[in-house]
Amino acid sequence: MTPNPYLWLVPILPLAGAAINGFFGRRSSKKAISIIALGFCGAAFALALFLAAGFSSASAPYYFNLAHWLRSGSFQVDFSFYLDQLSLVMLLVVTGVGFLIHIYSVGYMWDDDGYYRFMSYMNLFMFFMLTLVLAKNYLVMFIGWEGVGLASYLLIGFWFTKDSAAAAGKKAFIVNRIGDFGFLIALFLMIKHFGSLDFTRVFAAVQTLPTETAGAGLLTAIGLLLMVGAAGKSAQIPLYVWLPDAMEGPTPVSALIHAATMVTAGVYMVARSSAIFEGAPMAMMVVAIIGTLTALFAATIGIAQTDIKKVLAYSTVSQLGYMFMACGVGAFSAGIFHLMTHAFFKGLLFLAAGSVIHGIGGEQDMRKMGGLRQYMPWTFLTMTIATFAIAGFPPFAGFFSKDEILWKAYSSEYGSWVFWLTGVITAFITSFYMFRLWFLTFFGDYRGTAAQGDAHGHDDHSHGHGHGGPHESPWVMLGPLVVLAFLSLVGGWIGIGGRFEHFLAPVFQSGAAAELAHETSGEAAGTGTETLLMLISVGAAFLGLFLAWTLYFRRPQLPARIATGLGGLYQAVAHKYYIDELYNVLFVKPLIDGSTEILWHGVDQNVIDATVNNSASAARHISDNARHMQSGNLRSYAGWVAAGGAVVIAYMIWMGVWVR
Amino acid sequence: MAGAVNLLVQSHPINSALSLIAVMASLAAEYLLLGAEFVAAVQVIVYAGAIMVLFVITIMLLNAGKEERSKGSRVAILLGVPGVLIGGVLVAWTLLYRSNMQATVPIGALKGDPGDIARLLFHDFLLPFEVTSVLILIAIMGAVVLASRPEAVARGARKDG
Amino acid sequence: MIPLSYYLLLSGILFVCGVLGFLIKRNIITIFMSIELMLNGVNLSFVAFAAHWQALSGQVFVFFVMVVAAAEAAVGLAIIIAVYRTRETLNVDRVNLLKL
Numbered sequence: 001m002t003p004n005p006y007l008w009l010v011p012i013l014p015l016a017g018a019a020i021n022g023f024f025g026r027r028s029s030k031k032a033i034s035i036i037a038l039g040f041c042g043a044a045f046a047l048a049l050f051l052a053a054g055f056s057s058a059s060a061p062y063y064f065n066l067a068h069w070l071r072s073g074s075f076q077v078d079f080s081f082y083l084d085q086l087s088l089v090m091l092l093v094v095t096g097v098g099f100l101i102h103i104y105s106v107g108y109m110w111d112d113d114g115y116y117r118f119m120s121y122m123n124l125f126m127f128f129m130l131t132l133v134l135a136k137n138y139l140v141m142f143i144g145w146e147g148v149g150l151a152s153y154l155l156i157g158f159w160f161t162k163d164s165a166a167a168a169g170k171k172a173f174i175v176n177r178i179g180d181f182g183f184l185i186a187l188f189l190m191i192k193h194f195g196s197l198d199f200t201r202v203f204a205a206v207q208t209l210p211t212e213t214a215g216a217g218l219l220t221a222i223g224l225l226l227m228v229g230a231a232g233k234s235a236q237i238p239l240y241v242w243l244p245d246a247m248e249g250p251t252p253v254s255a256l257i258h259a260a261t262m263v264t265a266g267v268y269m270v271a272r273s274s275a276i277f278e279g280a281p282m283a284m285m286v287v288a289i290i291g292t293l294t295a296l297f298a299a300t301i302g303i304a305q306t307d308i309k310k311v312l313a314y315s316t317v318s319q320l321g322y323m324f325m326a327c328g329v330g331a332f333s334a335g336i337f338h339l340m341t342h343a344f345f346k347g348l349l350f351l352a353a354g355s356v357i358h359g360i361g362g363e364q365d366m367r368k369m370g371g372l373r374q375y376m377p378w379t380f381l382t383m384t385i386a387t388f389a390i391a392g393f394p395p396f397a398g399f400f401s402k403d404e405i406l407w408k409a410y411s412s413e414y415g416s417w418v419f420w421l422t423g424v425i426t427a428f429i430t431s432f433y434m435f436r437l438w439f440l441t442f443f444g445d446y447r448g449t450a451a452q453g454d455a456h457g458h459d460d461h462s463h464g465h466g467h468g469g470p471h472e473s474p475w476v477m478l479g480p481l482v483v484l485a486f487l488s489l490v491g492g493w494i495g496i497g498g499r500f501e502h503f504l505a506p507v508f509q510s511g512a513a514a515e516l517a518h519e520t521s522g523e524a525a526g527t528g529t530e531t532l533l534m535l536i537s538v539g540a541a542f543l544g545l546f547l548a549w550t551l552y553f554r555r556p557q558l559p560a561r562i563a564t565g566l567g568g569l570y571q572a573v574a575h576k577y578y579i580d581e582l583y584n585v586l587f588v589k590p591l592i593d594g595s596t597e598i599l600w601h602g603v604d605q606n607v608i609d610a611t612v613n614n615s616a617s618a619a620r621h622i623s624d625n626a627r628h629m630q631s632g633n634l635r636s637y638a639g640w641v642a643a644g645g646a647v648v649i650a651y652m653i654w655m656g657v658w659v660r
Numbered sequence: 001m002a003g004a005v006n007l008l009v010q011s012h013p014i015n016s017a018l019s020l021i022a023v024m025a026s027l028a029a030e031y032l033l034l035g036a037e038f039v040a041a042v043q044v045i046v047y048a049g050a051i052m053v054l055f056v057i058t059i060m061l062l063n064a065g066k067e068e069r070s071k072g073s074r075v076a077i078l079l080g081v082p083g084v085l086i087g088g089v090l091v092a093w094t095l096l097y098r099s100n101m102q103a104t105v106p107i108g109a110l111k112g113d114p115g116d117i118a119r120l121l122f123h124d125f126l127l128p129f130e131v132t133s134v135l136i137l138i139a140i141m142g143a144v145v146l147a148s149r150p151e152a153v154a155r156g157a158r159k160d161g
Numbered sequence: 001m002i003p004l005s006y007y008l009l010l011s012g013i014l015f016v017c018g019v020l021g022f023l024i025k026r027n028i029i030t031i032f033m034s035i036e037l038m039l040n041g042v043n044l045s046f047v048a049f050a051a052h053w054q055a056l057s058g059q060v061f062v063f064f065v066m067v068v069a070a071a072e073a074a075v076g077l078a079i080i081i082a083v084y085r086t087r088e089t090l091n092v093d094r095v096n097l098l099k100l
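Chains as they are written, first to last, in our numbering: chain A, 1 to 660; chain B, 1 to 161; chain C, 1 to 100.
Because the hints were derived from the structure by calculation, they are not lab data. Just so it is clear, the structure is predicted and the values come from calculations on it, not from any experiment. One thing to keep in mind: the hints can contain errors.
Pulled a few chain B residues facing chain A out of the computed Cβ check, cut under 7 Å [stated by the list, open to error]:
{"id": "1", "residue": "A2"}
{"id": "2", "residue": "V5"}
{"id": "3", "residue": "I86"}
{"id": "4", "residue": "V89"}
{"id": "5", "residue": "A92"}
{"id": "6", "residue": "T94"}
A virtual CB, placed ideally from N, CA and C, is assigned to each residue, including glycine.
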């Protein structure tokens with residue numbers, strides 16, 4: 001491990017930007033705010049590139065101890081940073097995509113009153129995310145973990161005067177917190193059994209423990225608890241409910257936090273803890289099952305949504321499920337690969353959706369869109385590329401990463417054909433709903449009104465455009481779209497020939513050996529199988545495209561008839577299977593009622609307040625009665641004295657006589 | 001004992017004072033029996049001679065008459081009297097039945113020699129002696145101030161200027 | 001040979017009488033006299049013990065007690081005179097200036 005003194009600068013730069021904009025932004029000009037925000041974020045990106053250029057697998061991993069933190073007996077934790085191949089990939093993704101989205105936000109949020117606040121929060125988020133990614137121990141990672149949750153809350157509820165936005169922010173933070181609870185318990189277990197939270201030390205200790213194939217043990221417990229944390233942060237079952245609500249935030253927020261970076265923190269954490277998971281096959285199975293189920297479940301909800309951002313939100317949940325499925329079957333590098341490509345095309349999808357929304361004056365309902373491709377050609381082009389990427393068409397990025405996952409799901413020693421089949425079905429559904437979105441938005445006739453060019457909408461920010469009808473977005477917003485589109489096109493090529501996997505191999509040491517062995521055996525046994533499976537998944541993608549084309553282009557009346565035909569089933573899907581309502585009844589309402597009745601009335605009022613009030617009135621009663629002693633009557637005083645004296649004498653005699 | 005009881009029984013204070021003098025005289029006799037001649041002498045001179053005279057003067061000065069019936073203190077009667085009686089009975093019982101019955105005091109046992117006492121008083125107990133003299137001085141001043149008539153004090157103040 | 005306990009018994013009786021007088025009597029001068037009675041009783045027990053233990057300091061202490069009693073009697077009587085001037089009564093129940 002070689003030290004690298006530049007590591008700590010990477011998170012600090014955006015923090016500086018956030019601080020400057022936060023404290024002075026109120027009185028600064030928008031131009032100054034933008035320069036500061038973009039400048040610091042760009043500087044972080046430049047530094048990341050510099051680190052990447054100087055990165056060599058021979059001297060990796062790099063580390064840097066910034067300062068002491070905790071010293072308690074033999075347990076110590078420092079502010080340390082760490083850069084290995086895995087962190088490098090995440091670092092480049094976070095800074096790169098983050099920087100592009102910052103540029104986009106300059107255009108998108110320019111007219112908002114809280115512009116300086118927004119840029120400050122975005123920089124703050126970058127700081128925490130980079131801390132998370134570059135951490136050398138679980139505690140510093142947890143700082144970043146919590147911090148991105150905080151930034152997410154701030155940004156989701158950015159338009160805090162809107163009730164639904166504030167509630168969504170709260171929901172995100174609280175559900176995150178539940179996951180964090182699991183994470184914390186896992187950390188406690190680590191401290192207790194391994195005596196450290198440092199990655200190298202923990203993983204070295206884990207290697208000495210036997211693999212828990214027989215039954216559940218310490219590693220399984222830690223793994224499951226870490227998964228709870230990841231489920232909260234990365235919106236998996238059962239803690240995914242916050243992500244669709246998080247669409248209340250501005251679209252750049254959805255792009256950055258809820259597509260490209262924050263929600264991937266859970267995947268990163270699981271990948272980083274690969275040593276732990278590989279020692280606990282049961283935990284890995286759980287991870288894979290959760291991932292697969294979530295992927296399928298969220299995809300089915302996506303097909304019935306009418307809000308363009310909600311479709312993308314459920315799509316994110318679904319794609320994250322793919323990543324967890326990958327990690328659960330031991331294909332950690334495949335999961336990270338998909339994380340990277342997903343950041344490109346999902347970020348692009350959200351930004352393009354934002355461009356669409358911006359262009360039609362704030363409308364987000366797809367039923368009021370249509371035929372926009374003649375009004376917004378560039379947006380249309382970039383979004384098309386992204387849609388094909390996510391559906392898994394070659395040669396776009398999504399194809400390579402998704403196919404890698406599906407192959408590993410089938411062939412890995414932890415995987416099974418069940419995972420693979422569910423993955424293929426989900427791919428079909430993904431393709432279907434993405435193309436549904438594509439057709440509804442860009443093809444057919446424009447179903448909105450011309451006045452929507454000036455109207456306010458969900459986004460609650462007005463434009464001074466005064467144009468009639470939909471229009472293309474300015475270049476400050478289109479630029480990042482083009483860059484991301486390019487990446488969505490070529491980003492997958494890095495995985496050809498297993499180069500990406502090879503690059504990440506040193507990180508997933510123990511897994512790599514097993515994978516390599518299996519690769520060769522798998523290769524030998526089933527290159528044919530692999531090609532076959534690849535063809536099936538591409539076929540699924542085409543099938544989805546065809547179905548969407550039929551339903552939403554050729555015969556647009558058909559979907560409505562199908563919906564009414566399916567009746568209750570369709571209603572259930574459209575209402576997200578009523579999960580939110582279920583949670584409300586199961587958890588939220590009892591909690592609130594319990595707090596009100598038991599804790600507020602019962603404890604606070606009847607016990608605590610009562611104690612204070614009663615002791616006060618008791619004091620009053622006692623003194624009321626005791627006041628009669630002070631009568632001023634000399635003889636009664638003497639009487640008391642004599643009585644007291646008698647008591648004392650009696651006591652002394654008793655002591656002297658009986659206690660002898 | 002008879003004198004003590006009589007003190008309680010009498011309703012006119014002057015009678016009570018006289019019975020108190022009787023008590024003190026008999027106490028002086030007791031001291032003599034114990035051999036404390038100096039103490040007995042002092043008892044008669046100081047107590048019976050000075051203090052009781054003071055009491056009698058005050059009674060006559062203030063024209064104290066028979067005691068009138070007035071509302072007493074319930075607490076004193078209810079609590080105090082039984083209390084003190086119980087205390088007394090307990091002490092007596094302890095003394096009579098639990099203590100060493102053989103402890104006797106021969107008559108005239110003490111060497112109540114004034115010379116020895118003086119030696120003790122001015123030698124070992126010099127400090128308390130001086131303190132008590134200061135105490136008496138303060139008592140005299142206090143008594144004078146308290147008992148003087150208010151106009152007399154004012155006249156005295158005016159006379160001085 | 002008189003047993004010590006008799007002396008102490010007598011002292012106790014005198015003391016008890018003093019306290020009873022304090023509690024029962026209404027005339028303040030009589031109450032003061034009961035106080036003197038109590039002091040006398042205590043003096044007796046002092047001397048008795050001094051004789052029993054052949055310690056001369058007991059008698060010295062009696063001397064001091066008498067001094068204090070004298071001082072206290074002087075001041076107390078002065079107070080009674082002052083109170084009588086304002087209240088025109090020697091009945092202790094009427095003098096309830098100490099009432100809160």
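Here's how the hints hold up against the structure:
The interface hint given for A2/B is broken, as the beta carbon of that residue sits about 23 Å from the closest beta carbon of chain A, more than 7 Å. Proximity of V5/B to chain A is violated relative to the hint, the smallest CB-CB distance being about 18 Å (cut-off 7 Å). Look at I86/B: its Cβ gets to within about 5 Å of chain A, closer than 7 Å, so that hint holds up. For V89/B, the suggested interface contact is broken, since its CB lies about 10 Å from the closest CB of chain A, more than 7 Å.
Because the smallest distance between the Cβ of A92/B and any Cβ of chain A comes to about 11 Å, over 7 Å, the interface hint for this residue is violated. Against a cut-off of 7 Å between C-beta atoms, the interface hint on T94/B holds, since the closest Cβ of chain A lies about 5 Å away.
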